[in-house]
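A.B. asks: Use the sequences and the hints to build the structure in full.
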Amino acid sequence: MDDRVKDDELRLEKQVTRRSFLRMMGGLGLAGITVSLAGCGASTVAGQAGGDGWLPQQYQGRGAWPAQVRGRVPITPDNPSIVRDDEKCILCGQCLEVCKNIQSVFGHYGLPLADEMVCVNCGQCALWCPTAAITERDDTQKVLQALQDPDKHVVVQTAPATRVALGEEFGLAPGTWVMGQQVAALKRLGFDAVFDTNFSADLTIMEEATELIKRIKGDINKPLPQFTSCSPGWVKFCEYFYPDLLPHMSSCKSPQQMLGALVKTYYAKMKNINPENIVSVSIMPCTAKKFEVQRPEMNSSAHYWNKQNMRDMDAVLTTRELARLIKQQGIDLNKLPEQNYDPLLGKSTGGAIIFGATGGVMEAAVRSAYYFITQQQPPANLLTLTPVRGLEGVKEAAVDVPGVGTVKVAVCHGMSNGRQVLEAVRKGNAPWHFVEFMCCPGGCISGGGQPRSAVPPSDEVRMQRINSLYQADARMQWRESHENSEVLALYQNFLEHPMSELAEELLHTSYTDRGKKAKQLTA
Amino acid sequence: MSKGVLVDLTKCVGCGSCMVACKMWNKLQYTRTASDKGGEASLDAENWTVVNKVETKKGNESVWRFVKNQCLHCEEPACASACFSKAIKKTKDGPVVYDANLCVGCRYCMLACPFNIPKYEWDKTFPQVRKCQMCSDRLHAGESPACVGVCPAGALTYGDRHNLLSQAREKINSDSSYIKHIYGEKEAGGTAWLYISDVPFEALGFRTNITTRPLPQYTESILSLTPAVGLGWGALLTGMYVYNRRRNEIARENKSGKDNG
Ligand code: SF4
Ligand code: SF4
Ligand code: SF4
Ligand code: SF4
Chain A
1 MDDRVKDDEL
11 RLEKQVTRRS
21 FLRMMGGLGL
31 AGITVSLAGC
41 GASTVAGQAG
51 GDGWLPQQYQ
61 GRGAWPAQVR
71 GRVPITPDNP
81 SIVRDDEKCI
91 LCGQCLEVCK
101 NIQSVFGHYG
111 LPLADEMVCV
121 NCGQCALWCP
131 TAAITERDDT
141 QKVLQALQDP
151 DKHVVVQTAP
161 ATRVALGEEF
171 GLAPGTWVMG
181 QQVAALKRLG
191 FDAVFDTNFS
201 ADLTIMEEAT
211 ELIKRIKGDI
221 NKPLPQFTSC
231 SPGWVKFCEY
241 FYPDLLPHMS
251 SCKSPQQMLG
261 ALVKTYYAKM
271 KNINPENIVS
281 VSIMPCTAKK
291 FEVQRPEMNS
301 SAHYWNKQNM
311 RDMDAVLTTR
321 ELARLIKQQG
331 IDLNKLPEQN
341 YDPLLGKSTG
351 GAIIFGATGG
361 VMEAAVRSAY
371 YFITQQQPPA
381 NLLTLTPVRG
391 LEGVKEAAVD
401 VPGVGTVKVA
411 VCHGMSNGRQ
421 VLEAVRKGNA
431 PWHFVEFMCC
441 PGGCISGGGQ
451 PRSAVPPSDE
461 VRMQRINSLY
471 QADARMQWRE
481 SHENSEVLAL
491 YQNFLEHPMS
501 ELAEELLHTS
511 YTDRGKKAKQ
521 LTA
Chain B
1 MSKGVLVDLT
11 KCVGCGSCMV
21 ACKMWNKLQY
31 TRTASDKGGE
41 ASLDAENWTV
51 VNKVETKKGN
61 ESVWRFVKNQ
71 CLHCEEPACA
81 SACFSKAIKK
91 TKDGPVVYDA
101 NLCVGCRYCM
111 LACPFNIPKY
121 EWDKTFPQVR
131 KCQMCSDRLH
141 AGESPACVGV
151 CPAGALTYGD
161 RHNLLSQARE
171 KINSDSSYIK
181 HIYGEKEAGG
191 TAWLYISDVP
201 FEALGFRTNI
211 TTRPLPQYTE
221 SILSLTPAVG
231 LGWGALLTGM
241 YVYNRRRNEI
251 ARENKSGKDN
261 G
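As given, the protein sequences belong to chains A and B, one line each in that order.
For the first sequence, counting from 1, position 201 maps to 201 in the numbering used here; every step adds exactly one.
For the second sequence, counting from 1, position 119 maps to 119 in the numbering used here; every step adds exactly one.
For the record, the hints were derived by calculation from the structure and aren't laboratory data.
A portion of the hints provided could be inaccurate.
Said to hold, decoys possible - Computed cross-link-like contacts, DSS-like style, restricted to lysine-lysine with a CA-CA straight-line distance of at most 30 Å: (1) B:K180 x A:K517; (2) A:K517 x B:K53; (3) A:K516 x B:K171.
Everything numeric in this text was worked out from a predicted model, so none of it was measured.
C.D. replies: Okay, here's the thing in structure tokens:
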């Protein structure tokens, strides 16, 4: 110690002389120049650089103890779903809260990382971020370009949940039904055909209910319970954290991907359009859909036509992006007359509408499964399956089906709720035949791409959107997916029957084990 | 007691929170995005810390690692000993800090630093040397550095340096996946920031050929060997620096004089 002090003094002496010399050269005393003249503003300790900014309250005055709410989620620059503007981030910790506690993604994988950042692309972090530092990856320019290209035939589909949320971007109350205005806006934007993802939601039920019955009857060698597969965030979650349970996953593609594959095969054929000139766009409440369209296996139309480089879907816009496009083009959604979806892939039933709410897929599937097994109309209580409605985290119901017995189902939304069900299945004590999983709390109506009508999202807004869907379902003439005349025509003219060879090729898929990327946490 | 930070590179998820915290606390500008942009991120006058993504191999598997980079706050800092005007000094808490009042702008510190840390505000009229201060004001108030406080992954631990060293030693000895080396324990005579890793440090871009002898001894000798060059250059820079300052001072005085009159 003493030696060092001496050393220091020695050095000091030397340097003081040098400094005095330099001072002389400059002809000025540097020490006399004030901080403000040096242009560095109000430094804390006289002249010392740094420390004149701020941090949120949770990081203040806590000594060396770490804060409870802190930091933010990791996002790679090439995340297909979300991007972040560092400059807007205030480290409030909200994105991390939802990712870790509601979606149980962050912090639920082992470190060190493999070679990717574990993210299910749900975009809930974007909904929670108070400064909108995290947003969806903007694909509006890509779509605008396609719309301006006269050689392209641009087709669009809208998800069940966008029609009860888009209006919020234009000042309407949460849950306002704007289905017809949305179609009108899309036509004005210049899309050549406006289709409804609800159509393929009905189609999904046809395929998924058929698959369920086959599992129950033992016609295919796949385990029960069957898991729904429409929510791409959920699918990726299962691939990361429960790859051992992937055989439970229904092989059905999501409605978006089913319609994508049909647009470039069935629709192209019927309309005699070169599938390579078709650009297929979707309007989704979901950011994970942007990831889903990029999955390498989602190119059934390329296989069908034996063409290279064709993707079933070309672009996904979130509800917020569509709102942006409409505003940019100076279209006032409120003043638009209602218009109808285009024929061929545009009709739907009440069963499809409720896909947007947690429990909806299940309810629709039960309606049709009942019909398939009994060849009878389901009883009234199956048209209002209250136990699976509402915002409870895990919901259960039992349905008596003549000839089969009691069919038990479960519904969960938000992946931390999902884990409870998954753990039960892993342990082998799951009594259910069919389980619906939705990645986002409340289902698609509160997907990561929906309007930020409350930050963080509130159950009140969720319920308003959900109620709107159920009311629309109750108003529908057809409530059950198997009643959809266009779906029946599709089978008659093209696919033959559910799970036919062609249906398997175009409407079904397989999954990837991502377990290695999200190493199991060992306790 | 001299403080330090232990960085466990196996825990870092590359979220960039530390980088943002540093910007916020120290009011640094965003010159370009530096968080998780892989090799593009580098320290500069406004980036006191960056997180570099490194794609490398561990055994046969390709892996990603994220490396937080900032001033290592040497126990015996070469920059401070090269600084003849005492603008850079080591505080007793551990941080190596920079005082703008004393800087003559010679940039010897930049030449002396074995880790290539101090940066210069090339675009300013009155440029300063800029680098991580280890949030010495926060340390002084009993808090951890801003970056440490916000890390959500537990990659950064703040504490007494010798405690951190024993923590680090225990970790690498009890877990076979770690490399048996604590970067910063001996490098450049020891640094306040310490790193442990499961991938060899050289693969992560660390300079591993740094002497374990305290560096001031070298800089002293370099400075004394080349007095003419050193002093000439330093004098010129200083002269220009002071001239600029003076000119601005006069300009301001004139202006405020006019305003008052
Ligand atoms: S998209 Fe979802 S999984 Fe990814 S970081 Fe955001 S909240 Fe987490
Ligand atoms: S929610 Fe937004 S502002 Fe808050 S830490 Fe996350 S990215 Fe930053
Ligand atoms: S210690 Fe302070 S100044 Fe240094 S990198 Fe961390 S936040 Fe920035
Ligand atoms: S805050 Fe922590 S986990 Fe995030 S980049 Fe910095 S060191 Fe890594």
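A.B. asks: Now, for every hint given, state plainly whether the structure supports it.
C.D. replies: Hint by hint, here is what the structure shows:
{"no.": "1", "hint": "B:K180 x A:K517", "result": "holds (25 Å)"}
{"no.": "2", "hint": "A:K517 x B:K53", "result": "holds (17 Å)"}
{"no.": "3", "hint": "A:K516 x B:K171", "result": "holds (24 Å)"}
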